[in-house]
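Student: Numbering-wise, the sequence shown is residues -27 to -1, 1 to 448 according to mature numbering (1 follows the signal peptide of the UniProt record, and there is no 0).
Please note that a few of the clues may not be correct.
To be verified - Pair ranges (Cβ atoms, derived):
1. 129 x 381: 33 to 39 Å
2. 200 x 352: 48 to 54 Å
3. 14 x 216: 37 to 43 Å
4. 438 x 200: 21 to 27 Å
What the hints assert, rightly or not - As a list, the in silico SDA-like pairs of lysine to any residue whose alpha-carbon atoms are at most 25 Å apart:
5. 266 x 227
6. 209 x 291
7. 266 x 241
8. 266 x 183
9. 266 x 239
10. 266 x 221
11. 266 x 125
12. 266 x 357
13. 209 x 249
14. 266 x 243
Treat the hints as calculated values from the structure; they're not laboratory data. Here the structure is a predicted model, which means the values were calculated and not measured. We put the CB at the ideal spot given by N, CA and C, even for glycine.
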Amino acid sequence: MKRRRRTLGLALAFCLAALCLTPSALANGWRLRGELVQYVLETNRWDEYTALESQGEHCAVMHTDYHNELLVALDGQLFYTTRAVYQPDDGRDGEMRLEDTENGFVLSYGPQEAYTFEAGDTGYVLVQAVVGGMTVTAAPGAYGVMRYTAQEDGQTVWWQSAMKRLEDFNIRLFPRSLEEIRHLNFMHAALDSGEAVCGWWQTGEAGRRYEGVGRGTAAVYSAPFGENAWRAANGKAAVGLEGTFWGMHTVRGDGQDYACIRYDISNRTQRIGFVLQSALGQTEEACPEWTEKYVQVPVRARETTYLTDDPQVSQYAQFVVPEGTEMTCLALYAQEYAFVAADALVDDGSILWGFVPLRALELASEDVRQAVRHDVMAQMDGTWRLTAGGSMAAEELTLRADGTYVTYGEAPEEGVWYVTDYLAQWNLYWNDPPYELYLCGDDGSVNVRGLTLQEDGWSLSNWEGGGGWSRIDAP
């Protein structure tokens, strides 16, 4: 009888212990705090994860041996992102620290790398970054628009970047020096039209959501050329038509219409590629030819880098891109990647498109871009005022024959300027101007526009509009 009572007692104890191991208790076993516990309980997304030791009241990094993901809660909403934190193969998990602030949190990796985020109207925004000896700080620029200023070794430059929302922040591709920021400013300005053609300026612009459009799968290609294009997953990349994916844009390739889509492969991997629109059961009467849709600017790898078909999540390197590789820039994706044609990376004759870090690229076509048109500059020597159209540059500025300039108004600026020929096949401007004007500010800012001389002045253009300047007396 005593043995039976002892057995019943042990069974009761085990039952009570099991009751205590509710999902909430298990979640807290991952050392999660506050409202993060409830978010983790509502999904099986993080069932195989544990939280890294350092965390804040509303933020934590969920970890497996192969994946890290930052979770942050704000006003009843959960934000989670892979690109904001280093991954396990970077070997920096032990350095990671999360610290609460009055209106946000600080993410740091050792004493030389820290990123401060604050809550805004639509989520968390980067307000300061310390990387080595460089400090990047959000500050009001001209006309009250928030921009970033970067300081290092007593020098200061403006970073021409949109405010970094948490979901757009990419820690691996965050600039490490003032030189890199200047280079990014230049590349974004020179490829400005590529920021608009695909609607990819911010990764938060997810595209049109599709769900359950059919049965089976549809082949996914790296470019809108069907079987002539490279195909990931050992030539078997496909999207499930019964699942969810996002349409980015449409384009006509090899005589057929394609949709550029983004879809999940797993919680830690996505893919961007092209599927036949007919596979989605849709047609579009005015689907543009790819040569009309994209810019086509020659670029070159200035360092060894990589090409990925997943710039949004894993950034997995499908190909190594050796230094010196020649490619064609077709568009920009968010603020870190160029969408390129890189057929030189494959030896089977297939067409390969993908995403390469913008910081690793430079403009090619030196014969055109380095041949300064001093004759055109001589005609533009003087002081000018915007008199028609939109503002493509400062409303009043003086262009000097020695290649320097100064602007006037609320945010005066000085720098150097020059003019080069423009080739229409680059497809950067709506009006195919004969020249390009480069305005490179001493503060690191860069402005590149299409240039057309007129009888009583000159005009500037981008992909959709323009403005005209007339000569005035110097202020």
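Student: For residue 438 and residue 200, compare the CB-CB distance with the range 21 to 27 Å and indicate the outcome.
Tutor: 39 Å, violated
Student: Straight-line Cα separation of residue 266 and residue 125 no greater than 25 Å?
Tutor: Judged against 25 Å, a Cα distance of about 40 Å means the pair is violated.
Student: For a C-alpha distance cap of 25 Å, please report whether residue 266 and residue 241 respect it.
Tutor: 30 Å, violated
Student: Are the Cα atoms of residue 209 and residue 291 separated by 25 Å or less?
Tutor: Distance ~14 Å between residue 209 and residue 291 Cα, so the pair holds.
Student: Does the beta carbon distance between residue 200 and residue 352 stay inside 48 to 54 Å, or does it fall outside?
Tutor: 52 Å, holds
Student: Are the Cα positions of residue 266 and residue 221 separated by 25 Å at most?
Tutor: Judged against 25 Å, a Cα distance of about 13 Å means the pair holds.
Student: Please work out if residue 266 and residue 243 have their alpha carbons no farther apart than 25 Å.
Tutor: 24 Å, holds
Student: State, for the Cβ atoms of residue 14 and residue 216, whether the hinted interval 37 to 43 Å holds or is violated.
Tutor: Violated: the Cβ-Cβ distance is about 24 Å, outside 37 to 43 Å.
Student: Within a Cα-Cα threshold of 25 Å, do residue 266 and residue 183 meet the stated pairing?
Tutor: 22 Å, holds
Student: At the C-beta level, are residue 129 and residue 381 separated by a distance inside 33 to 39 Å?
Tutor: Violated: the Cβ-Cβ distance is about 21 Å, outside 33 to 39 Å.
Student: Could you grab the alpha-carbon distance between residue 209 and residue 249 and see if it respects the 25 Å cut-off?
Tutor: Roughly 15 Å separates the two Cα atoms, so the pair holds.
Student: Is residue 266 within 25 Å of residue 239, Cα to Cα?
Tutor: Violated. Residue 266 to residue 239 sits at ~30 Å, over the 25 Å cutoff.
Of the numbered hints listed earlier, those contradicted by the structure are 1, 3, 4, 7, 9, 11 and 12.
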